[in-house]
Amino acid sequence: MSKWYESNTSGIVVSTRVRLARNLEGIPFPGRMNETQRTETNKKIIDAIINVPSTLSKELKVVEMDTISDAAALAMVERHVISPSFARNRKNRRLILSDDESISIMLGEEDHIRIQVIKGGLQLSETYEIADKIDTLISESLTIAFDEQLGFLTECPTNLGTGLRASVMLHLPALESTGEVSQLADAVSKIGLTIRGMYGEGSGSKASLYQLSNQVTLGISERAALDNLKSITMQMIEREQEICKNLEKISLEDSVFRSFGILQNARLLSSDEMMQYVSKIKLGERLRIIKLKDENMPIKLLIETQPAMMALNMQVQNATERDIERAKIFREQLA
Amino acid sequence: MMCEQCGKNPATTHVHTVINGVSIQKNLCTYCAVADGYAGLHSGGLMNMLSTVFGESLAAYPSSNEKRCNCCGATFSDIVESGRAGCADCYKVFGPQLMSSLQRLHGKTKHVGKVPQSASGKVQIAACLQKLKEDLTLAVANEEFETAAKLRDQIKEIEAGEKHE
Chain A
1 MSKWYESNTS GIVVSTRVRL ARNLEGIPFP GRMNETQRTE TNKKIIDAII NVPSTLSKEL
61 KVVEMDTISD AAALAMVERH VISPSFARNR KNRRLILSDD ESISIMLGEE DHIRIQVIKG
121 GLQLSETYEI ADKIDTLISE SLTIAFDEQL GFLTECPTNL GTGLRASVML HLPALESTGE
181 VSQLADAVSK IGLTIRGMYG EGSGSKASLY QLSNQVTLGI SERAALDNLK SITMQMIERE
241 QEICKNLEKI SLEDSVFRSF GILQNARLLS SDEMMQYVSK IKLGERLRII KLKDENMPIK
301 LLIETQPAMM ALNMQVQNAT ERDIERAKIF REQLA
Chain B
1 MMCEQCGKNP ATTHVHTVIN GVSIQKNLCT YCAVADGYAG LHSGGLMNML STVFGESLAA
61 YPSSNEKRCN CCGATFSDIV ESGRAGCADC YKVFGPQLMS SLQRLHGKTK HVGKVPQSAS
121 GKVQIAACLQ KLKEDLTLAV ANEEFETAAK LRDQIKEIEA GEKHE
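Protein chains in written order, with this note's numbering: chain A, 1 to 335; chain B, 1 to 165.
With the rest of the complex left out, here is chain B (with noise of 0.2 Å):
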């Protein structure tokens, strides 16, 4: 069966309604579904979660959907059929589209944590000014004043360095 509203896609999302004794029936495809606000329906598993999650940033671009990632070949809707990337090109050529629903999986949209020795140096100092702060609640924590009074001083200096440059 192909979606009722457009006509291009197989139908995916059966709606039915009652609303004050009157039944309607809608056969919709994923887009079209997102698109009339069903989207909180696609909640079966998380490959449906991360549909619709990207679901909705198709809905809010769907001029991107034409556009390929140079590296895998994949668009953004073979991304939001999926939900997986198709290489990590794919992060950059559709950032700011996957943004929000990255936002609203994870809470946050800034990496903190390790970093590869291939990373540039401006992300490594950053990588290390956060790990010597995490060393420095946990000494305060566990009341190593010494420490602390050293990691505040590397904190200090590889701040300043920073301003410096």
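The shape of chain A in the complex, shown without the other chains (with noise of 0.2 Å):
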């Protein structure tokens, strides 16, 4: 079964992801539980989730974090499965997910429940629905903790509210170029939205990855959350592609063929330098510059020659090692 990354990724926006923070009433936050807490509330939410009559239930299953590997661990990080800090601690921790990986539902992370849907390309409604049936069914039977002032309970007081975070993960090389994402972050930020680098320290990003996401979650509703989000989105897609056609032709084109021809011939590829080529080759895909097999394979081999998962698939056990296996996936690939 295909995952996020192999579908649907070559546009603009290569993906969509969804999350909702909930909580169970009666019960301390992760931070402040105890061992028998946290087993007993994990498998109140596998119940309600996995043990019940539902057309969903049959695509999951639960995955013991703490008996699987830092790699296979970090691998999920790489895939967007999970966050970092889920990560790092396992201990006790499960996940639940579906066989594509579009569904995963962390417990344990910063709230009991962290309801998480992911896709390929721009899917806001599409991803919100499933996270919301998922809600809905486990408030089906357990109670979840909810005030009819401050809306869903959260430990974080920035998810207060509808506990919503929606996200589309946009590839922007020709905003990135002009400076205009960094004026576009003080100008998102106003409408309640936040606009970071992915793959990057700051600001910056090093394939032009960038990830906006709504910042606001309390006293509006999901709906305008996820419409604020849409429409700014679609004049991102269109400012981008309104600076692509300006674009001078021929250094576009050069920059484009360069970075395939080093991404065919390269025998040692560090993966900074693999994230820069892999952005003008996707670019050069969606401008119908270069013809790839496989639309959607920049993104693929750029999250499938991270560390960890190379580390995973590979069994690759130095950097060096890591650098020649990545140049020759993408040898192969783009041969």
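It should be emphasised that the hints constitute simulated quantities derived from the structure, not laboratory data. Each statement offered as a hint is correct.
Using 27 Å as the maximum straight-line C-alpha spacing, the simulated DSSO-like pairs for lysine-lysine come out as follows:
(1) 3(A) x 291(A)
(2) 131(B) x 190(A)
(3) 92(B) x 44(A)
Using the supplied hints, reconstruct the complex from the two chains, each of which is provided in its own coordinate frame.
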């Protein structure tokens, strides 16, 4: 079954992710609960989701996070299935996961329940609908911590209200090159959204990938938050396309073909270098400068050649072996 | 190093001011720093920001320091230090102290949107009304006037029912 990064990722919007934070009433939040409470709470939630007659339940399985290796957990972070903090602290933690990994429910992360749905492309209402269904299913048998005034109660006050964090991952090489991305950060913050670079430190991003998400969760309905995010996303797409049209054709083609050439021929490929060139061939594919066997290949390879993914799948021991192996994968896939 | 003002907590805020050539150094704990008006210095990360936000609540309600949440045992200073609530009940127990901070964090303090099935009938109706009003705005924007008329009637009906009760 194909994963989110294997389909529908060739556009400016690479993926969509929604997350709902929920807690059970009368039990301390994960940060303050003891192991007995953790075990009992996990069991209650698993019963409410898996051990009930529902078509959804059949697709889901439980992963005992304390039984998997560090590499397997980090690879899940690289595939955006779990959060880095959930990978770090896995003691007595459970993950409910669908076969295609589009649904992942973290038990005992910051909140008792973190429902996440991720899909390739721009699919805000589709992903939210699935998360909403799971949330409703849980609340049919368990009492969710809720307050009329503050909405869904969460460990971190930044999630109070709807507990909804929706985000889109955008590929913005043109907006980045003109420096407009950093100006946009100010503008979107005024309307309750935030944009940050992925795979980079500070506001930068190695593969020109940015994550746009809602920041405010209290006093704004799920639908309004999603509409807001969608409308800004559409404006960003439009602006990115507009700048692309005005790029100087020959230098654009040159940089795409050079990057393609390096990825097809390199014998050593570091992660940083890979990101830089993948971003160029992704842009080249989208603007029909080059034609790849599969238009989803740039993002698929970017995810599959992350360090933990490689450690898990190829048994590579050190950074040099990894760079050799990464170069080999690109040579074979882009041949 | 301990806070030079209260001598009780570790000094975490170090302030060096130079005014008209006179240099003054202060080593303060978070509480004293906030009380002295240095809250704005804590802007490093999100947790710092939250601590600062709640710290201002702490300065306004120093007496709440001793109170503990019955469910999880957290005190208000636990919440301030971690920037996190200990359990759902904490929001009830320390609600009044937290409210102004939450207002600053989100801009609003009243939930709008989905309510769980366990919520009271009144809350369910309010959520239903809010959703219908959103639908109505959307229908009007899309010039679907027949749908809009139906929605308006539904809203009127529910609102009339509420008044009747």
